[in-house]
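A.B. asks: What follows is the residue order along each chain.
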Amino acid sequence: MGQKITIEPVTRVEGHGKVTIHLDNEGKIEQTRLHIVEFRGFERFVQGRPYWEMPVLVQRLCGICPVSHHLAAAKAMDVIVGAGTGEGLTPTGEKMRRLMHYGQMFQSHSLHFFHLASPDLLFGIDADPLKRNIIHVALQHRDLAVQGVMMRKYGQEVIKATAGKKIHGTGAIPGGINKHLTEEERDYLLHGDDYMDIDKMVSWAQDAIEFFKEYHKKNKAVIDGFAEFPSSHLSLVRKDGALDLYHGVLRAVDSEGKKILHDVDYQEYFRYIDEEVKSWSYMKFPYLKEIGKKSGWYTVGPLARMNTAEFIDTPLAQKEFELFKQYNGGKPSNKPMHSHWARLIEILHTAEKMKQLLNDPDLMEGELVTRGTKKFEGVGLIEAPRGTLFHHYKIGENDMITMANLIVSTTNNNQPMNEAVNQVAVRVMTGRKEITEGMMNAVEVAIRAYDPCLSCATHAIGQMPLEFEVYDAEANLIERKFKH
Amino acid sequence: MTGKRPKILVYGYGNPGRQDDALGIRLAEEVEKWSTDHHMGNVTTDTNYQLNLEDAANIAAYDIVIFADASREEIDEFCLDPLIPSEKSEFTMHAVSPAYVLHLCMQMFHRKPEAYLLHLRGYDWEFMEEMTGKAKTNLDKAFGYIKAFILKVSKI
Numbered sequence: 029m030g031q032k033i034t035i036e037p038v039t040r041v042e043g044h045g046k047v048t049i050h051l052d053n054e055g056k057i058e059q060t061r062l063h064i065v066e067f068r069g070f071e072r073f074v075q076g077r078p079y080w081e082m083p084v085l086v087q088r089l090c091g092i093c094p095v096s097h098h099l100a101a102a103k104a105m106d107v108i109v110g111a112g113t114g115e116g117l118t119p120t121g122e123k124m125r126r127l128m129h130y131g132q133m134f135q136s137h138s139l140h141f142f143h144l145a146s147p148d149l150l151f152g153i154d155a156d157p158l159k160r161n162i163i164h165v166a167l168q169h170r171d172l173a174v175q176g177v178m179m180r181k182y183g184q185e186v187i188k189a190t191a192g193k194k195i196h197g198t199g200a201i202p203g204g205i206n207k208h209l210t211e212e213e214r215d216y217l218l219h220g221d222d223y224m225d226i227d228k229m230v231s232w233a234q235d236a237i238e239f240f241k242e243y244h245k246k247n248k249a250v251i252d253g254f255a256e257f258p259s260s261h262l263s264l265v266r267k268d269g270a271l272d273l274y275h276g277v278l279r280a281v282d283s284e285g286k287k288i289l290h291d292v293d294y295q296e297y298f299r300y301i302d303e304e305v306k307s308w309s310y311m312k313f314p315y316l317k318e319i320g321k322k323s324g325w326y327t328v329g330p331l332a333r334m335n336t337a338e339f340i341d342t343p344l345a346q347k348e349f350e351l352f353k354q355y356n357g358g359k360p361s362n363k364p365m366h367s368h369w370a371r372l373i374e375i376l377h378t379a380e381k382m383k384q385l386l387n388d389p390d391l392m393e394g395e396l397v398t399r400g401t402k403k404f405e406g407v408g409l410i411e412a413p414r415g416t417l418f419h420h421y422k423i424g425e426n427d428m429i430t431m432a433n434l435i436v437s438t439t440n441n442n443q444p445m446n447e448a449v450n451q452v453a454v455r456v457m458t459g460r461k462e463i464t465e466g467m468m469n470a471v472e473v474a475i476r477a478y479d480p481c482l483s484c485a486t487h488a489i490g491q492m493p494l495e496f497e498v499y500d501a502e503a504n505l506i507e508r509k510f511k512h
Numbered sequence: 062m063t064g065k066r067p068k069i070l071v072y073g074y075g076n077p078g079r080q081d082d083a084l085g086i087r088l089a090e091e092v093e094k095w096s097t098d099h100h101m102g103n104v105t106t107d108t109n110y111q112l113n114l115e116d117a118a119n120i121a122a123y124d125i126v127i128f129a130d131a132s133r134e135e136i137d138e139f140c141l142d143p144l145i146p147s148e149k150s151e152f153t154m155h156a157v158s159p160a161y162v163l164h165l166c167m168q169m170f171h172r173k174p175e176a177y178l179l180h181l182r183g184y185d186w187e188f189m190e191e192m193t194g195k196a197k198t199n200l201d202k203a204f205g206y207i208k209a210f211i212l213k214v215s216k217i
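Taken in sequence, the protein lines are chains A and B.
Okay, so the first sequence: first residue is 29 according to the numbering used here, each after it adds one.
Okay, so the second sequence: first residue is 62 according to the numbering used here, each after it adds one.
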């Protein structure tokens, strides 16, 4: 008699999802799936709205990463107003947007590492869930917890200064930006009161990497062996192969590092990437057309970016990048838990980038906007905290949106998350009939390595209690567990 | 002007692009306008999509904090509850509850402001900026209540 175990929904991931695990008569894993169960049709909602509203409107999608949507939409609108395809903005326009983006990456990655990953690392995957949170980190490692909170706050202040406000920011507009950085804002972010100090942010970012490396030394099995599986990796890279979180060409490598998407112009992404719909999930499954549906899936996000990039153009992050590459023998890392390592390298990189930009006079003066000949179609791509984010729009003669297609980072990671769940399930659940807290935690940890935002992926408001269900071969429910 | 009046923060959160989810933010905006017009220097407002870790640092500087949020619960119009610190994590990955923020503030900054949560009953949550009529009525009533509450605790 076969069984099906359902884990629904996954805690500490935005939106609404559930995991089902099918067991055969002998208790072996037959199939695992991560289901996404709510959909609200944002792409249809924006049809009929004027194109210039998009950078603000798309922030309704998600309160988690509104800046990423704001910038991706603005980049698509740059194309429509004839401001080029990512390289046509004024120096002030591009640099202000980059500063906004680095602030977003810095705060988002800090949240993930300190709030979500560090409790797992410090207390262990099997620890009491009530202890696996930052409050308990604060009790035992107060400095680490305070750093996490203040790094988040710093990133939010950068966003406020560049986007104009915390909610529905208006900073990025079609063709550029609508404000300069004031001297007061610059000084506050460079060396403000209390913790508002960019040098402190760089230093804390280095400390966080050291913390991780020390942990890694002592816990190689957890970091290297947890849910490993071969995957292709996709991201933007700068034309010279450098890590670039704001703009570049699309590159993908296979699990061994061989290029399978050769630095293509993302305005034509649809020539290379398609999305498959599966009946059991509202979240689509993107894949590289040339390779096909079955094997063409890929991973995006911090780990993918480390795997596609050839170097990093800031010195401290480059040093860490070299250590990362060396550890992996110069090949891509296919270890999901290395995402935490990659994320920390990016925290350091964005801190260094923010420091460079805050010392750049272009932020405080110069032309803000570029305009050219109007076009009727535009694509905007950006490396959001969770990975490559695609915004694609068409407009009609009356300037209204006639088509929108969004592929969010979490959707790009749909198949890799399914693979990771499968890996963990096989390891911890094979032959077990009772669902333990440790099993549920292990599945969660695997999904969390991708920092998914199902709110973006499904465009939902949902919350996520955790539910496990076990079914037999005749689909009778034989066990159900909730996790709150 | 403020003298020994308590420093009060009114913090509204929600997504103003999701209809009645804007209730907390609209409440904070009303308080902002009113406190500015009446030179209430001890009252500050803030807004965001959701609460997060850094809010533990933000609230540490105040004596009284009123969080305002839209509610799907079956409540009458609105209600104001004293907040009890809690270390229970939210189900979501990227947001935390006001009780969690308060607990974190105590653990990390050793401060415990007197804190309340104002629940404002909402009804619809679609991709629209216009709140429902019933939500607007609830907002008006809650705003009147909060004004009186602030005047009382400010001893004006």
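None of these hints come from the bench; they were simulated from the model.
A hint or two may mislead.
Unchecked claim - Chain A side only, calculated, beta carbon under 8 Å to chain B, not exhaustive:
id : residue
1  : F73
2  : G76
3  : L167
4  : Q168
5  : R170
6  : L172
7  : G176
8  : R180
9  : Q184
10 : K188
11 : I195
12 : Y243
13 : H244
14 : K245
15 : V292
16 : Q295
This structure is a prediction, so every number in the text was calculated from the model and none was measured.
Even glycine gets a Cβ: it sits at the ideal position worked out from N, Cα and C.
A.B. asks: Less than 8 Å between beta-carbons is the criterion; does L167/A satisfy it with respect to chain B?
C.D. replies: holds (6 Å)
A.B. asks: Given Q295/A as an interface hint, is the shortest Cβ-Cβ distance to chain B below 8 Å?
C.D. replies: Violated, because the Cβ-Cβ distance from Q295/A to chain B comes to roughly 27 Å (cut-off 8 Å).
A.B. asks: Hint validation: V292/A versus chain B, beta carbon distance must be below 8 Å. Holds or violated?
C.D. replies: violated (32 Å)
A.B. asks: Hint validation: G176/A versus chain B, beta carbon distance must be below 8 Å. Holds or violated?
C.D. replies: Status holds, d = 7 Å.
A.B. asks: Does I195/A pass the interface check with chain B, least Cβ-Cβ distance below 8 Å?
C.D. replies: holds (6 Å)
A.B. asks: Given L172/A as an interface hint, is the shortest Cβ-Cβ distance to chain B below 8 Å?
C.D. replies: violated (11 Å)
A.B. asks: Report holds or violated for the interface hint on H244/A, using the least CB-CB distance to chain B and a cut-off of 8 Å.
C.D. replies: violated (23 Å)
A.B. asks: Going by Cβ atoms only, is G76/A closer than 8 Å to chain B?
C.D. replies: violated (12 Å)
A.B. asks: Given Q184/A as an interface hint, is its Cβ closer than 8 Å to any Cβ of chain B?
C.D. replies: Status holds, d = 6 Å.
A.B. asks: Do the numbers back the hint for Y243/A, that is, is its least Cβ distance to chain B under 8 Å?
C.D. replies: violated (21 Å)
A.B. asks: Should the interface hint for R180/A be scored as holding, given a Cβ-Cβ cut-off of 8 Å against chain B?
C.D. replies: R180/A check passes; min Cβ-Cβ to chain B is 4 Å, inside 8 Å.
A.B. asks: The hint names K188/A as touching chain B; please verify it with the least Cβ-Cβ distance against 8 Å.
C.D. replies: violated (10 Å)
Of the numbered hints stated above, those contradicted by the structure are hints 2, 4, 6, 10, 12, 13, 14, 15 and 16, listed in ascending order.
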